[in-house]
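Given the coordinates of chain R, assemble chain F onto it according to the supplied hints.
Quick mapping for you: the protein sequence lines, in order, are chains R and F. Count along the first sequence from 1, add 7, and you get the number used in our numbering. Count along the second sequence from 1, add 4, and you get the number used in our numbering.
Hints listed in this document are in silico derivations from the structure and should not be mistaken for laboratory results. Some hints could be false.
As the list claims (entries may be wrong) - Here are the computed distance ranges between Cβ atoms for each label pair:
(1) F:Ala-47 <-> R:Asp-63: 45 to 51 Å
(2) R:Leu-124 <-> F:Ala-77: 54 to 60 Å
(3) R:Asp-63 <-> F:Ala-76: 36 to 42 Å
Backbone N, C-alpha and C define an ideal beta-carbon position, used for all residues, glycine too.
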Amino acid sequence: MSRGSAERTVVTPDGAGPAEKRKEPPMPRFVIERDIPGAGNLTQEELATIAQTSCDAVASLGVPYTWVNSYVTGDRIYCVHEADDAESILEHARRGGFPANRVSVVANEIGPHTAELAPVAAPAPAPAR
Amino acid sequence: MTLARRRGGTAERLVAPPAWPYPEPVDLLERDRERAVLAAAIARAHAGQGSGVAVTGESGAGKSTVLSTARAAMREPANAPTRFLIGSCDPLWTPRPLGPFRDIGEIASAAGLGPLLDGLDGLDGKDLALAHLCERIYEVLRDRATVLVVEDLHWVDAASVEVLRFLARRIEAMPLALLVSYRDDEIGPGHPARPLLGDFARLVSLSTLSLRPLSVDGVRTLVEGTSLDPERVHAVTGGNPFFVAEVVKDPSRPLPASVRDAVLARAADVTPEDFEVLQMVAAAPDRLDDRVLPALGVDLPTLRRLDATGLLTRARGGLTFRHELARRAVETTIPPGGAPRLHARLLTALERIEPRDPAVLTHHAIAAHDGARVVEYATQAARQAIYAGSHSEAAAFFETALDHQDAAAPAERAALLLRLANERYMTSRLSEAITQVSATFSLWRQAGDPSGLAAAYNACALYEYYAGRRRQAEAYADRAASVAAAPGHELRDATARAYATARAYATARATRGYLAYMRGELALAGQCCAESGRAADQLGQGELALRSQLIQAACAVADGDGDSRALLVEHVETARAHGWDELVSTGHSSLANLDVEQRRHPEAEHVLAESLPFTIERDIPICRHWQTAVRSRLHFARGRWSAAVEDAEQVLEGPGMPLATLWPYLVTALVPLRRGTDGPETHLDAARRLAEQLDEPPRRLAVFSALAERMWMTEQLDPLVTEAAVAELPELAAAAGSAWAAGDLAVWLARLGLLAERPFLVAPPFQLTLDGQHEEAAAWWRRAGEPFAEAMAWCDAAAPAARARGIELLDQLGAIGTADRQRAALRRDGVSQLPQRPRTSTRGNPAGLTNRQLDVARLVARGLTNAEIATRLYISPKTADHHVSAVLGKLGLPTRRAVVVQADELGLV
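With the rest of the complex left out, here is chain R (with noise of 0.2 Å):
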């Protein structure tokens, strides 16, 4: 059940679908806050504008580029892309024409499976007789 695994769905430039699976060491996950006031007030008509010009900018790209998912919050969006490099973060985020306040790389995934790999604690003394 283990998420750290090395397989990752890639978008490639040559069109191959997302079925596709590659063997290359992962790229790296960044999270991307964009400090946009009145983000939690966006209508659907919105979002899905500012959705497809997201995806425009992945395709414009023409390097592996994954945009996993966003969430919108009040005054703030977290985004989760996946690129080689933070410079295709903002490239991205300039060609969409969103603010990348602070972009950070992911250094590690945890969720509640993870503490099953947490040490096992050694069992209680047995009470004295």
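Relative to chain R, chain F alone:
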């Protein structure tokens, strides 16, 4: 929704910066003096004392480089960093208004510039008065030490020039270093940046640095380590730093013959597809916006490859060439047939992103030969320019739209021409405005639109009047009314067309009424205003209704009804409460003119003190010119001749409106005459011709008076005085509102012995003189605050003691010429004891104070300290000290306390 994007001035790079072939310090050869000047300006800004520096030089001389190294060299305390803001101007067909300021995030948002110029929907155009914008930008810049750089001033727009001039006037007391750069060979006499450069030349705290080409030694240092021959390189490059740097970047190549060759050599290894991208960047005059890269199919690997050429950089939200010379070099490679297609691609891509910049879209539409889009975007760009107060740019955009409008409906074309004409008027190009309005007449007829035709006739009437041509103005105003009142037009008809026609009628009658008022034809004025007012009331047009009331009140004041002045003031206040700026200003103009004519000088001062800044703030050029001319006459009457000449010259030197030039001509002719110095020979003649065209009795009488004074001074017979003035006086004096001007002429003719019969009605002080009550007349003038008239009244008396007193007063006023003439008259009458010409002025008088010094003197008279004066006038305390000393010197007073005590006498209240 558009996502706000910060467009800072920082340059971004895709990969590490290319390695320089030589270390940084050597990069700036032979620029030590310039760097020192810039560093000093920045240090002073940090200390709270602002200054400006202009860096000039040919393209490639290193203007941007020297400015950026100034930034790098800034050394300042870490807790109070200096803000460094960069804006630049773009080589668009017509510059976009406030271009450089819109790029500066802090200024744009604080000044409310971003959304205001990017989108026009739902905005109140009045919010963006240029004067308010200047104030807002000033507020942003004054609270923190700032370096503001504006590059490529030769491409600047008129509104930005106004903002920069505003800052330059206050810069002394601001923590601001204003650094501008431009190519001096590209700024000709009519260039919008000229007035700003004039300010740079005049004001002490602004200086200009001229970057010279490198010497052979400088080139030698740069080519050190290569096999290049410095002499040859210098010969080919002319010492141009950019060119030399290009050559040095690849020393193994044969020497390029030109900068173009050098630049293109760097792109020699680029693939054709990539080169097309370079051409696309070159085709964008400002930058290739990042957001159009997807639509243009430019991917990231391409950009990385292009970065290797070192030609491009990232700035202002897009791709741009590092240097304009490089951009132009690549631009020249675009084949003539290929340019339209390139620009069309850019245009399509730009249309997809928000917010749109109509100035940029117009630029591309023109190059793409897309007429329909040019018309659409140029019209939008013109509207934006008007909002920003850039009338010369608005005119250029309208012209562009008209040039590309092929098969438009006549009414559309006429409407566009009318708007262009209005912008021409706003930039004081009256004859062009008239030509353009006239071109609309046939179009309106074609369109069968009487209201448009009437509005055009009305506009023409006003422009003709401002140009000083009364006959034509009256004819157009009458035609406008008759077209609008043509049979078949029902005021009660509810259609929009009928409404517009009725409104045009009301406007035309108001115009005719105003013209009649200015000529003293009060009965006609009353009738026209009544007709206009009736129509306006029926239409519910408050502004038009108030206009006719205002004119009628002015008529009453002109006729001598003192009570009506309060009514006129009330109407102006009502107009102000409604925000009807033009009407307010017209009211001010009439009020100030009547006050000066009827010798209510303190009231006139108060009106002008408020109204002149209003005309500048609300951008009403005709009233600004007119009121400056009125102030010139006021200064002249009150004996402040230096200030009077200052104002007069200001009106005469700009393109201006001929209507306003009458009194400036008289002032600039009479002041030297009275002082006994040489003056412009032609001005009285120019004034006479203008007065004849204007055909307004008070003005014609004023010119005759001036001619009479000259004849009296020079003792040379002038038939214009002996025949024309004498013959016309009775009729001119009979016109309403001429009592003062007629009295003035009658007195001069009497002095010349030419007064046959006294005109029926003259104003009180002249009545006194003509009745022989000279002492009473002198007292009257003294109370009114007219020292020259007072002195002449004394000299009119018979008693030598009185005449001597008059001569003394003339001497004190600096009217040496007139004083000597009076002395000669005394001698002829056998008086031996003559008052001596003073060696130095024993008593001071405000005759020699300039307008600025008058401002300072008034503040001193109110008891303000130098520090308070400095704050009030936005100057440094040191400059305030300097002015106060100069004022005390010219007034001949020892202390500021003396100024306070004598304030009344000196007319400073």
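Hints versus structure:
no.	hint	result
1	F:Ala-47 <-> R:Asp-63: 45 to 51 Å	49 Å, holds
2	R:Leu-124 <-> F:Ala-77: 54 to 60 Å	55 Å, holds
3	R:Asp-63 <-> F:Ala-76: 36 to 42 Å	38 Å, holds
In this structure, none of the earlier numbered hints is contradicted; all agree with it.
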